[in-house]
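*Asks:* If you want the building blocks of each chain, they are given just below.
There are 2 protein chains.
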Amino acid sequence: MDEPLAAPVADRTPLYRALAGQYRSAIESGALRPGERFPSVRTLMGRHGVSLSTALQVCRSLESEGWLEARPRSGNFVRRPKRFAAAALQEPDHAALPDPAQFVGIHARVSDFVARGIVARSKGKPVRINLSGAACAPALYPGEALKNAATRALRRHPDLLVKNIALNGNAGFRGILARRAMESGMVLSPDEIVVTHGCIEALNVALRAVAQPGDIVAVESPTYFGLLQVLESLGLRALEIPTSPQTGISLEALELATRTYPEIKAVVVVPVLQNPLGSIMPDAHKARLVALCDAAGIALIEDDTYGALANGDAPRKALKHWDRTGNVIHCASLHKILAAGMRLGWISAGRRQARVEMLKYAQTRSSEELSQLAAGEFIASSAFDRYLRRLRGQLADQRARTAAAIAECFPAGTRFNEPDGGLMLWIELPADISSQRVFDAALDEGILVAPGQMFSNSNRFDNYLRLNCGLPFTDEVEAALRRLGQLVAQARR
Amino acid sequence: MDEPLAAPVADRTPLYRALAGQYRSAIESGALRPGERFPSVRTLMGRHGVSLSTALQVCRSLESEGWLEARPRSGNFVRRPKRFAAAALQEPDHAALPDPAQFVGIHARVSDFVARGIVARSKGKPVRINLSGAACAPALYPGEALKNAATRALRRHPDLLVKNIALNGNAGFRGILARRAMESGMVLSPDEIVVTHGCIEALNVALRAVAQPGDIVAVESPTYFGLLQVLESLGLRALEIPTSPQTGISLEALELATRTYPEIKAVVVVPVLQNPLGSIMPDAHKARLVALCDAAGIALIEDDTYGALANGDAPRKALKHWDRTGNVIHCASLHKILAAGMRLGWISAGRRQARVEMLKYAQTRSSEELSQLAAGEFIASSAFDRYLRRLRGQLADQRARTAAAIAECFPAGTRFNEPDGGLMLWIELPADISSQRVFDAALDEGILVAPGQMFSNSNRFDNYLRLNCGLPFTDEVEAALRRLGQLVAQARR
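Line by line, the protein sequences are chains A and B. Heads up, the first sequence is in my numbering, so the first residue is 1 and it goes up one at a time. Heads up, the second sequence is in my numbering, so the first residue is 1 and it goes up one at a time.
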């Protein structure tokens, strides 16, 4: 098919290759940035006066080279080929026996970092860019829809705020959660669900149901500092199990640990989009983990806080899907995926359900119903899946741009993976760099990051940072990442 | 002054005496019921064609005989003179050493009673009249005002449900709580207040801040079963201290106990309107208790859940008023006094504040702000005090009528006090009557009561009942109380 010439082509290079080359240069120069939407086929046809087949060839060749990422129903997006990205994180030693279990002293560390932030602000240095969290900017959540749903709930239930609260949570809301849980392969009755104040309360009562002060709990390493704070506050000892940035907790290391420490009472894992690694356990690992804990008589507690943010429309299966003995305690939350201002979590505790219900009741009674009614209305509507799909796309964009900026601006020796979804990147800095120094230097310039020390009871992750990708990738965010790269390089000296 | 004759008067009895006699008979016959509003002076003048001075004399003579109670700004209300009421509760033995401290096994008891209710319902016997709680009927709470305030808060803060939650609770709400606390003699900065999920979470973190599993906690006896459940769930041992139905915990017995059990780590008391006794500690006792705990190095935890329901417009002083060393942990709640559907409590922990903040954060993070904004707006307005005044009047009415019905219908040997405010009556049945049998017989007829066994780890209160006076005193409630009296009499055999 003949093609009208649209752009000057100096040699016999096929037209599509010339156009692809122009776009490649545009990406390399930064004119087109990773995560940006690539012009549609129709746009290319119009802009360059080329045929459908040429426009398609442009896209296919860029995609095959890794410069474009096709997202179903969304179009093509600019990316940086892997060879331009930082090196990937290394696997932990799966055969290593973990360090001995120890009582956790994380709260002092966390408080120390919080206190530094307070000191900085008292010196007139406010935080301008907060990359330390693990949450979306408010604008990414469905604030308007939830506000309207809450207002409707107040109108429909005029007695809501003054009548007795339903035991274990609003029955309708628990029914909606049970229906959603089916998509993750769980078959639960609403009566097997207790609504909690976020996943953190669910983890509290789960741990209290199966462990006494002094007992050992196996956790991923690195892990969420909030979990370490819970262990500390309950007087439990943490046994940190090496965890793969790709496949999650090392089953080999865990198995070895269970043989070495018979006092392990529970294992806590985040199977999908582990915090901070972003790893996702393959289904085969999940099945093995459930069987391993069952055989060893160890309670298996899963924290499903980020699962709905994994790429793709098919939800990942929960560990509970493989649970045949009621040994899996499923803890989940809407806090990160739906609304940072609502503390809606839930727990389904298998054969420990009665004890968990007692502990939740003795701890905070049943949870207020208004948030549940508002969130329930939204989740039960078709808007929820549409919203999640859009959110996943936005986060993919923000992660890709953040990754590109780090790959470009951080010193050689920086390593990270691009997780298959979620809110965060876990960055390994060159071994001689203390993330605590980076934290201080960044805070001095109004940039808040989460240093690796917060994610372990050990010092193993002192040269790591966790960066939040939940903020829209503005020029300010990009400038902050660039500056962070310089500060990391300077921290070396 | 001459009086026109209004009613036939057969003899030389002064007119006012004749009229007073008619009204006295009306009360004795039940035509006028305790708690009902007595006709105003103006009404008496019109109805009987008498002068102001005669009408006033009628009221004064009935009042002096105990048939009327004058309530400031509200008028006169019918009451039953004390001589027609049941005998008062006896004082405990203040010199007795308490039973040894023991681990609590209350949850099984409470669950057993809950389970009986479920079984009854499954047999098609629904609860028609629930006198087992300690809460007002929804209609007594300011549902409309709170609903409107919540709707306004959603409108004013469109991001509320999707933005990060303020640490330790909404700052404005904590400021409002701090201002109200001044009325109870506490000088607190908003920063010394952490918002919790009801008083129960405040008690949880207070106890976790000062005691480890196995430690002893001194509690009032009888006490709130919710507190016993908390102790049980935390693995603490309860030492039940004899408690006066008039003046609260026995300081003599507590002092003896602190000398006998050096492992006591905390004392938990409800100084104003103790649950279930309704006792109010005199200020002198409060000061002594604060000093006693201070000297013994024992944390003093006060639960102020019902204080605002004490008769009179002047709030009672909190224990914290006398606290000079930061040893008093003040726990409070709006759940009973403002809105049963909101779980709003707070804690101010003196020198344990940092640890309490850590435990609250590790347990449930900071509490959602919507309820706080709604309640805060109402509490900060002049409507709150007007509402409380009206509520106290309604409760006084409901308590008086309940008391009258019990005095009339329960068998001889029944004893109770009429507390100076609050939601409940604590009824001592004749010693040979098991309240568990009464519970079962009543449940069989759709009447739910709280049996004495739930208020102690011992069997000391097996012949007691706690009855809720938070429901409007309808004919159904009265009929239920009458029937309860018959069931109590029958339980004897």
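Hints may contain errors.
Calculated pairs, DSSO-like style, for lysine-lysine (alpha carbon to alpha carbon, straight line, at most 30 Å) [stated by the list, open to error]:
no.	chain 1	residue 1	chain 2	residue 2
1	A	K125	B	K163
2	A	K163	B	K163
3	B	K123	B	K163
4	B	K125	A	K123
5	B	K265	A	K265
6	B	K265	A	K163
7	B	K125	A	K163
8	A	K317	A	K265
Since the hints were derived computationally from the structure, they do not count as laboratory data. The structure displayed is predicted, hence computed values, not measured ones.
*Asks:* Determine for every hint whether it applies to the structure shown.
*Replies:* Verification of the supplied hints:
Under the criterion of a C-alpha separation no larger than 30 Å, the hint pairing A/K125 with B/K163 is consistent with the structure, at around 22 Å. Distance hint between A/K163 and B/K163 is fulfilled; the C-alpha atoms sit about 28 Å from each other, no more than 30 Å. About 47 Å separates the Cα atoms of B/K123 and B/K163, which puts this hinted pair outside 30 Å; it is violated. A threshold of 30 Å between alpha carbons decides the hint, and for B/K125 with A/K123 the separation of about 67 Å lies outside it, so the pair is violated.
Note on B/K265 and A/K265: the hinted pairing holds, with a Cα-Cα distance of about 28 Å set against a maximum of 30 Å. Note on B/K265 and A/K163: the hinted pairing is violated, with a Cα-Cα distance of about 36 Å set against a maximum of 30 Å. Under the criterion of a C-alpha separation no larger than 30 Å, the hint pairing B/K125 with A/K163 is consistent with the structure, at around 22 Å. Only pairs whose Cα atoms come within 30 Å are accepted, and A/K317 paired with A/K265 is accepted, the gap being roughly 24 Å.
Of the numbered hints given earlier, the model fails hints 3, 4 and 6; all others are met.
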